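*Asks:* As a plain string of letters, each chain reads:
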Amino acid sequence: MTTIAETLFGSRAVLAKAEPTMMQKVARYMWVPMLLMGLMVVAASLGLSIAVADATSNYFGLPASVREAANAPAGAIDDRQFIESTNVWLPGFQLLGIGLILAAITFSLASILGVFRAGGGRLQQAFGHEAQTLTPPITARLFPMLMMMGLVILIVNLVISAIIGGFAWDVYGHSIAEINAASEGSDLLGDLGTVNTYKTWLEPFKFVGIAFILVGISFAVHTILQVIRFQGQRIRELALAGAGWPLLESKGGAR
Amino acid sequence: MSNPHRADLIPAPPIQTRLYPVLIAVGFLIVLAALIIGIALATTAADVFESSKAVRDAAVPGSSLLADQSDLASFPLWVQPLKFLGIGILVTGIFTVFWGLLRSLREARGTAMLEAVPLLLRQSTGETKGGE
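Chains as they are written, first to last, in the working numbering: chain A, 1 to 255; chain B, 1 to 132.
The set of hints was computed from the structure by calculation and includes no laboratory data. None of these values were measured; they are calculated from a predicted model. Zero decoy hints are in this set.
Restraint-style ranges between C-beta atoms, simulated for each label pair: (1) Q80(B) - M40(A): 21 to 31 Å; (2) A44(A) - A33(B): 23 to 33 Å; (3) S70(B) - L36(A): 41 to 51 Å; (4) S70(B) - M22(A): 48 to 58 Å; (5) I39(B) - M40(A): 27 to 37 Å; (6) V115(A) - G126(B): 29 to 39 Å; (7) L102(B) - M37(A): 22 to 32 Å.
Facing chain A, according to a computed beta carbon distance under 10 Å, are these residues of chain B, among others: (8) P11; (9) P21; (10) A46; (11) V48; (12) V55; (13) G100; (14) A112.
Where a beta carbon is used, it is the ideal one built from N, C-alpha and C, also for glycine.
Isolated chain A, as found in the complex (with noise of 0.2 Å):
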């Protein structure tokens, strides 16, 4: 019988007990939390939107003359404020919600692993077989550190985007006709450029957030990929060694 390695998806091992690792015993428990704290995320975002979108109409419900002069409404200055600043922020706490669903999915991912793990080890146990498994292949090492390093870049963007909220909060305190006056080297314009230089990069710095976290997704699926190929190839061999054939059991301990 020939034998092929397959290197990419890891080794084999015996369990010493037939029961997940304690990082899938913990997705078991975090997918849902994670789920939920996305969704308030989002559906918060939404309710921000309807209030950026009210101070929106407001704002341009004004003639451009009143609301670009120098001597502009209290209310149309506190709306271009309220418009300007949370519209740097308020993406990135979008995008940090379905960031949080994304977890969860990865959580999930993680826990049908557990299951996989426990579920083929008893099989095995309970046709009197010493329990093997999969060492972990690389993909089941990098997908939870791809999903933690995506959350970590969005929640980076966001706090970010906070601070650079806030200077879009002093700029648009100001009217217009005096940010438009602002001269070279002022404090004004030195801030008016900042904001716009930030949200410039911070736009698609969120997306790299996102895009390791979908990484971490497929690898996630490849994992459970190989967990699946390895339990077709495990019961036959059983089956095989039940009819006479030379069964590759484990040289070493348990794990």
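Starting from the known structure of chain A, fit chain B onto it as the hints suggest.
*Replies:* Leaving out everything else, chain B in the frame of chain A:
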């Protein structure tokens, strides 16, 4: 201590397991490219907003200030869909690996279970009877 994983009793891995890393890599690189363009545009924005509005509005055709303002207005229009293209390719990669998972469930695990479980049950029943 562990042994190499044998895979001689199941079909070769589905083609999807070789396709999806390409899709994931392409999608991720597109999103990274969008970030790099965003950083380049941010330096352009910093240059533009060093000048007052009066100077920006008075920029003459052919000047670098007007060209920078044009870049600042036009680039985001195609960088935004580029990012979504990257995310779309990433999701296609996930779909591809799910497709491979489905094939593995059917061709590797499902077929093996169908053939091996009755055999294992007969063997274990035989052992029980033999033990009595």
